[in-house]
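Residue numbers (the working numbering), protein chains in the order written: chain A, 1 to 827; chain B, 828 to 1149.
Bear in mind the hints are in silico, worked out from the structure with no lab data behind them.
One or more hints might be untrue.
Straight-line Cα separation of at most 30 Å, BS3-like style, residue types lysine-lysine; simulated pairs [what the hints assert, rightly or not]: (1) K140(A) / K873(B); (2) K379(A) / K958(B); (3) K947(B) / K129(A); (4) K290(A) / K947(B); (5) K947(B) / K370(A); (6) K400(A) / K938(B); (7) K290(A) / K973(B); (8) K938(B) / K257(A); (9) K854(B) / K129(A); (10) K1083(B) / K400(A); (11) K331(A) / K873(B); (12) K354(A) / K873(B); (13) K1083(B) / K113(A); (14) K854(B) / K400(A); (15) K270(A) / K873(B); (16) K873(B) / K400(A); (17) K366(A) / K1012(B); (18) K958(B) / K370(A); (19) K116(A) / K1012(B); (20) K167(A) / K947(B).
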Amino acid sequence: MGIFDDYHSESSFDEVFDSEQNIRDYWKDVLADIEAAGIEKLKKKQADIDWYLEDNGVTYNIYNDDSNPSRSWSLDPIPFVISEQEWSTITKGLQQRAKLLNMILKDIYSEQKLIKDNIIPAEVVFGHKGFATEVFDFGKKENFNLYFYATDMARGPDGKMWVINDKTQAPSGLGYAIENRLTMNSVSKNLYPNINTKKLSFFIEEFKELLSELTGGDISSAALLTPGAYNETYFEHSYLSSFLEINLLQGHDLLSKDGALWLKSLSGLKKINTILRRVDDRFCDPLELKSESRLGIAGLTDAMRQNNINMINPIGSAILENKGLNPFMNKIAEYFLKEELILPQIATWWCGQKKELDFVLANLNKLVIKKIDNTEIIKTYFGKLLSEDELKNLSVLLRKNPNKYIAQEEISFSTAPYYGNGKLEPRNAVIRTFCLKKNDDYTVMNGGLVRVSKIKDSLLISSQKGGTSKDLWILSSEEEDVNYSNILKRDHYTDTAINNISTLRAENLFWLGRYLTRAIDTTRFISLIVKRLTNLYRYEVRTSKDSQKILQDALTHLTMTYPGFLSDGAVPVRPTSEIISVIKDISRSGSLASVISMLSNANINLKDLLAFESSKLFDKMQKEWNEFINRSTNSSILISNELDSLFTYLMAYKQLVNESIFKEQGLILFDIGHRIESALILISKARSMLCVRLKKAESYDVLEAMLNSMESMNAYRAQYKSSLVLENVIEFLILNTQFPKSLAHMTDKLANDFKLLPKSKDYLTSYEKPIFQAQSFLSKLDVETIMEIKDEEVVYLKFDKILSKLSEYFIECSDEFSKTYFSHYDE
Amino acid sequence: MIYTIYHKTSFHYQSIVNFSHNIARLKPKDTAYQKLLEFTMEIEPKVSESHEFVDMFGNTNTHMLIREPHQLLSVTGKSRVEIFPNLIEQHIEFLKSNSITYGAAVERLSKFHASDLSAKQFLFESELIPKGSDAIKEYVLESFHKERDLFEAAHEFMNRIFNDFKFLSGFSDITTPVETIFEAKKGVCQDFAQFAISALRTIGLPAKYMSGYIETLPPEGEEKLFGVDASHAWFAVYIPNAGWAEFDPTNNIIPKEQHILLGSGRDYHDISPLKGVVQSSGNSRLSVMVDVRREKKDLIKESASGQTQMQMQSQMQNQSQQ
């Protein structure tokens, strides 16, 4: 037998071997392939799988883990196999269960016949946290349905698949199941050359059809509502939205008016009539549901009430994630369908009835106790693992609130072979299957997501707690013909056409431009100061110390980390510690660390828009940067090296951003952000460094620093072929319309960019006006007037005033621009 | 008798708000014991759209979208409500004579009884009212013995809250936990109501939060000033076989002709008079002005009662900012 020699399941049922260690018939072909491959090949295939998943950016975020926010997804090279024959029974069972749950949902939120006819106890509904009084009476609505339903199943000791969990409010896992299949496809032709399995594409096609039907044919009015990039399954949200070709939106992307939902896009508001949501029930609407929620849309519930929105699944669906329903499912099946339940469930006792409670209390040490509505954090008590005291406390808990608890028989679920650490081991596995409503029936996906426990014989399986996954294979006697050949070939095109881009995304692009520019310029400037500080005594020149003071003050102005170097406290500011604080102190507004953190935010929110390489690069940079700011050693050389490295990363990242989006699309927003920020930084530096009247040596020093901080020394030399003179530098950096980094040039560019935007008008818009003013203001200036100064004065007051005025124009432009494009309250 | 009620709720925002969704619940409920004769609602600034609906608890909600820049939102409900004291007296008599023991009530509620079903919605912890601690349970059980008549027990329970708790405004707000109120033994009407509800639910009885108004009378010989009233809250407990019995622990009375019901629910959240979601920075402040007066013709003969009702100043804050 070879590689299965050491494989011994302690479970009462193993997927592959029967109790006499004979291979089950439907596993024979797959097993033969595994044995033929051998451990070495499995190892190689595992490595291939890891590579495919990582290359596709498949991640699963772990909450509360800052050091490693996104973890790679893992997949076992050995599939979980189910025979075609067994699957057809399971399919019927799932369809029946989906139908029943839908009927329960509609009944609970309308007539409540189940309660009135004593089929289910009122307590199981009213005492459940998922019962949404706000959608009372919605059950009558034609579009109030359980459209999409996921079921967790595991094989019980009798060899049948048992239902263990119903996922109804916002089921996850479909995206991972598809990606698992695509990844398996890449390795399985070689590993399992002759196995035919049922395909998944049909289900995706059905999903699109459902969306098309609900949207009335215009799928662009559907959206996947995500809690955002920090959600544990965000990968899946962006993945699914691109398969289904619908918008990926967050609550802030939408607003409600006219009793309907509207997408805020750059060109205006666009009606959305169908939402596939991944936000939990209570978080969908801060007006009527959880008021603290920032993930929903105020008014969504009322839009549903006014029949202007379809939801997959509707608010209120959490009531079905209710283990208190289990003991009554047979009665419900009889009541609604006159049928018996096809899929077995774990024996469950609801403690709200006296007889049941007594039984549970008498057998507590053998049972598993759960709350009926623990949908978020699953607190499970395994009676057999509890001490006498713990059992006693548990009985007190049950007596106090019997309605809230159920008890279940403890079941030993089946094991399946898993490849890890160079050998095959039996592991418990749970499969998640998916159903979609189609007319009066349900379509079941021919496959699913299998999760495998992290350790041998683990009682709990959850992606949050670690563990790996498997692909679910439904064997097929013949190769299925797939007509929808391209549906699974994910189109990497994300719609960034300027008119369709969502406001939130546009805003993120704008801020990405601003923060990235700020990060780059700040890094460069600090680096320059640190290097000069290190070389302070190198050149035997006294003046450099005074010019250093000017640069340090300029840093405080530039980063707005006041009082900073401008502090007039009794104790003089120590340059090194102040600079370290401006670099590392993330809690200090304006510090480099705080800018990087905001940049990181914008980056994460744009993850699905930017090239995959850019987020890879950013993650790497972020990791090194975090290590650096948490390290306590602070030698100037180390800091200098670290800043150089950060600078290189940022420049590379900027290049990738520039290459991955077209200008006519979203990139223009990035450019606008970049130009506004550059202009403001240049003005700030000019006010600190060019407005002071200095002696010749000092002046040389400061002008050199100014040009170097903009990487413009060579350009200056080429232009003027003279030594550094203040007049020339001002002319070059402020007035010269030809030099790309000059203020005049950036202002012109900005004015041009604005013309490409969707709300551009024949007349000047509110955000164009200040730029036009800046343009004409600049064009009338000449160096001589700028530099008028009285003999006794030490500051070029007139120049400072001019710069201050220009700064106001840019700030006004930025504010007006944000108002025009990022809020939609006047539309 | 007929009451005229004026109830104005305002949000004052620190910065300008351009877009806000709000829900107002200011329309008094029609019940078997009171009838809404007239109702108007005035909103400042202008509402861009509004939608009225009745929720599961039978309260009328008005969803309003405001799109005019504003720093002050005020919603004023003006109503005329007729109260039927005879019917109330009859109902109380009915409750008394049909009441069952606490033990029998709990036993009956653990079984299926078609007429008890809708009351069971009020049996569970709600957003603002969790189940009480062992100490609360002990406190409430002093009045509720197995063999004791439920109406009498609830009456005594109200009496004890009135005597044991001190009326003190400013100590609490709507988010103050019931346990804190119980430990400090002080608060305002909504605290007493929520405490009682929590305690009753803890011992297995459905209990409802009642929100509305109470008539107050000026000192002898003085004219009543406009707007000196406040909104009020009390509780109702479900007596199987009989119905809902109302008690006002703040004034130690069974609500009769001086209580006007605005709405009821599981707790304050279900019936807050005004709540909204705005996009703005800074804080907001809420102010409330209430006036309740009996229409003249029957004031003369009623004023003999001479009882000065204690009022409450409720912190009607229910505002989230985004």
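Going through the hints against the structure:
1. K140(A) / K873(B): violated (34 Å)
2. K379(A) / K958(B): holds (19 Å)
3. K947(B) / K129(A): holds (14 Å)
4. K290(A) / K947(B): holds (23 Å)
5. K947(B) / K370(A): holds (22 Å)
6. K400(A) / K938(B): holds (17 Å)
7. K290(A) / K973(B): violated (38 Å)
8. K938(B) / K257(A): violated (46 Å)
9. K854(B) / K129(A): holds (28 Å)
10. K1083(B) / K400(A): This hinted pair is violated, its Cα atoms lying about 35 Å apart.
11. K331(A) / K873(B): The given pair, whose Cα atoms are some 53 Å apart, is violated under the 30 Å limit.
12. K354(A) / K873(B): Since the Cα atoms of K354(A) and K873(B) sit roughly 57 Å apart, the hinted pair is violated (cutoff 30 Å).
13. K1083(B) / K113(A): Roughly 35 Å between the alpha carbons, so the hint for K1083(B) and K113(A) is violated.
14. K854(B) / K400(A): Measuring from Cα to Cα gives roughly 38 Å; hence the hint is violated.
15. K270(A) / K873(B): holds (25 Å)
16. K873(B) / K400(A): With a Cα-Cα distance of about 51 Å, the restraint between K873(B) and K400(A) is violated, given a limit of 30 Å.
17. K366(A) / K1012(B): The given pair, whose Cα atoms are some 44 Å apart, is violated under the 30 Å limit.
18. K958(B) / K370(A): At roughly 19 Å apart (the allowed maximum being 30 Å), K370(A) and K958(B) satisfy the hint.
19. K116(A) / K1012(B): violated (41 Å)
20. K167(A) / K947(B): holds (26 Å)
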